[in-house]
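Based on the sequences and whatever the hints tell you, model everything.
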Amino acid sequence: MEQEDNKNMILAMVLSAIVILVWMIFFPPEVPEPTPTDVASTTVDGAVVPNADGSLPAIVASTPAASRNAALGKSERLKIETARLSGSISLKGGRLDDLELIDYNVKLNDPSEKITLLSPAGGPKAYYTVYGWIPAGSLTYDNVPSANTLWSVESGETLTTTTPITLKWDNGAGLIFRRKISVDDNYLFDIEQSVENTTVGDVSMAPYGIIARKGEPETIGFYILHEGVVRNSDGVIQEIDYDDMPDQALDTRENANIDLIDVASEGWIGFTDKYWMTTLAPKTGQPFKSVSKYSPQNDTYQTDMRLPTMIIPAGQSAAMSTSLFAGAKEYDVIKDYQKAGVSGFIDSIDWGWFFFLTKPIFAVLHFMNNLIGNMGFAIIALTLVIKTLLFPLAYKSNVSMARMKALQPKIEELKEKHGEDKTAMQQGMMKLYKDEKVNPLGGCMPILLQIPIFFALYKVIFVTIEMYHAPFIGWIQDLSAPDPSSFLNLFGLLPWGTPDAGSFFAIFSIGVLPILMGVTMWMQQKLNPAPTDKTQAQIFAWMPWVFMFMLGGFAVGLVIYWVANNTITFTQQYLIMRSQGVKPDVWGNMFGFLKRKKDEA
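Under numbering that gives the first Met the number 0, the first residue of the sequence shown is numbered 0, with each subsequent residue one higher.
What the hints contain is simulated information worked out from the structure, not anything from laboratory work. One or more of the hints may lead you astray.
Claimed, not checked - Derived lysine to aspartate or glutamate pairs resembling EDC-like cross-links, with alpha carbons at most 16 Å apart:
(1) LYS273 / ASP201
(2) LYS91 / GLU153
(3) LYS358 / ASP331
(4) LYS179 / GLU215
(5) LYS167 / GLU191
(6) LYS78 / ASP169
(7) LYS78 / GLU195
(8) LYS338 / GLU265
(9) LYS124 / GLU215
(10) LYS288 / ASP233
(11) LYS113 / GLU80
(12) LYS288 / ASP261
(13) LYS282 / ASP189
(14) LYS91 / ASP169
(15) LYS167 / ASP183
(16) LYS273 / GLU215
(17) LYS124 / ASP272
(18) LYS409 / ASP434
(19) LYS124 / ASP298
(20) LYS113 / GLU99
(21) LYS334 / ASP346
(22) LYS179 / GLU191
(23) LYS288 / GLU265
(24) LYS106 / ASP346
(25) LYS430 / GLU411
(26) LYS430 / GLU412
(27) LYS282 / GLU156
(28) LYS273 / GLU238
(29) LYS179 / GLU156
(30) LYS273 / GLU217
(31) LYS167 / ASP201
(32) LYS78 / GLU99
(33) LYS91 / GLU75
(34) LYS409 / GLU435
(35) LYS167 / GLU153
(36) LYS358 / ASP346
(37) LYS334 / GLU435
(38) LYS395 / GLU435
(39) LYS421 / GLU411
(40) LYS288 / ASP331
Since the structure is predicted, the reported quantities are computational estimates derived from the model, not experimental observations.
Next up, the structure:
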């Protein structure tokens, strides 16, 4: 029954359209924000101010510098030089506050500006680490190094993967502090804090690490993506948006909105952006407390790692090592760190609520990319895998549709027999479906199953850095961005540009691949004749082009999946229908209107 088949397909497509429309309303495509210039702003200089009760306090404000370079020039520095990182360490406070990611450009194919991850206090977009000790017992903050302590260099001149550096500070009262910093081939720093007690009595103190960000960072603000605090505490992942940090409970001792996790035996805490992350982690099995807080007095967002109090006997030394991850959220790198002991680190990637789909989908996609060497073709290969897994259901569905077409003569007989008696007609059709073992809704199932897969793949393509500036073919050089071509300038043949991403007209500026997606969807639709009902026929005819414009601004990696999916689905359905004795008049359905116009003429 052709009309019933078309109704079922229209229903499925309308449901899909409604879901995607709702998605577009609540989760609009990413709109790039302009990068602000470096301007003077109220910032912090990283000083840790002691509280009367010895708790670790917030960070206080000081005079800002005019630019990032001016802030860097306020203190002596040691260089950081590795194959993947470039930056420096400030001798004031021993802070790691200057870091660039060499492998990642800010703009596509423009190596002149690299991604800046960490920036010094006192400059724009301050984002840095602070390490130190909380005094206990008879000690005060005058006895331990602070964020303003001027360290001397004991060993090393430049931090590389083979040459660590050691900083030293003598408090002049019998305690000698050292900080040894090393870095691996990727993004993991090892920070060893030690103290030598040359006094005649035992001393007590607790080591800590801080990551601080001045002001609310620029975020994409996309609901599908988490940006802010990310924490693993004994296997439990917690995410706190920047907007929610001021709503945390106020701790009057620290004068900050604070969220404290009691002692955990393993885990980590830090800040995550879309592609980049900075996290603090103790060594495996080392208990710690993790803290996230917002200090309204100086508009500072902060995460702390607080370790247990250590007792250092007279004449002895003690040390505590922790890790700092500062870099790109690359799947292989993070997975290796997890294997090396950073518990649950792979979950620092924002897999979302559908993690049971996004994780395996990305695992297959990642494998295909390693095998093929091109992420665009890997997406096509992933589509083949998904269609293969869904083939039994697709086969059953298409066989059901083919059988329904074969029942057309019997359905016409029922219409003649029952006339206008709709109840009798429906009963007769249900009996016919039951006798012939045909499911009239069977054709909807593959389309409905595609919806969660579509969302999961969209999540994967949106959040994973493996898509960032990843080329496909020709003009497609960034799978994480929309197709850069546009039919508004005939795909670059005409001498004018295309509308800006934030413009209303940008929705009409679709490229080659979105158009190809619309065409393949239209071809798939034409496997069946148009409905006899004019309203249904109009809805049916417009659906592919509506989808084309709706999805045209999505990441091109997702559009590649959709084109491949449509093409494979068309081929499968055509071959299955032929195997059941049904010969779809595809060309007639596609271009029959031309013949009708000729006949009318």
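Going down the list of hints, with the structure as the test:
no.	hint	verdict
1	LYS273 / ASP201	violated, 46 Å
2	LYS91 / GLU153	holds, 15 Å
3	LYS358 / ASP331	holds, 13 Å
4	LYS179 / GLU215	violated, 31 Å
5	LYS167 / GLU191	holds, 12 Å
6	LYS78 / ASP169	violated, 23 Å
7	LYS78 / GLU195	violated, 26 Å
8	LYS338 / GLU265	holds, 14 Å
9	LYS124 / GLU215	holds, 9 Å
10	LYS288 / ASP233	holds, 11 Å
11	LYS113 / GLU80	holds, 14 Å
12	LYS288 / ASP261	holds, 6 Å
13	LYS282 / ASP189	holds, 10 Å
14	LYS91 / ASP169	holds, 14 Å
15	LYS167 / ASP183	violated, 22 Å
16	LYS273 / GLU215	holds, 15 Å
17	LYS124 / ASP272	holds, 14 Å
18	LYS409 / ASP434	holds, 12 Å
19	LYS124 / ASP298	holds, 12 Å
20	LYS113 / GLU99	holds, 6 Å
21	LYS334 / ASP346	holds, 9 Å
22	LYS179 / GLU191	holds, 5 Å
23	LYS288 / GLU265	holds, 10 Å
24	LYS106 / ASP346	violated, 28 Å
25	LYS430 / GLU411	holds, 15 Å
26	LYS430 / GLU412	holds, 14 Å
27	LYS282 / GLU156	violated, 26 Å
28	LYS273 / GLU238	holds, 13 Å
29	LYS179 / GLU156	holds, 12 Å
30	LYS273 / GLU217	holds, 11 Å
31	LYS167 / ASP201	violated, 21 Å
32	LYS78 / GLU99	holds, 12 Å
33	LYS91 / GLU75	holds, 7 Å
34	LYS409 / GLU435	holds, 11 Å
35	LYS167 / GLU153	holds, 6 Å
36	LYS358 / ASP346	holds, 10 Å
37	LYS334 / GLU435	violated, 52 Å
38	LYS395 / GLU435	holds, 14 Å
39	LYS421 / GLU411	holds, 14 Å
40	LYS288 / ASP331	violated, 28 Å
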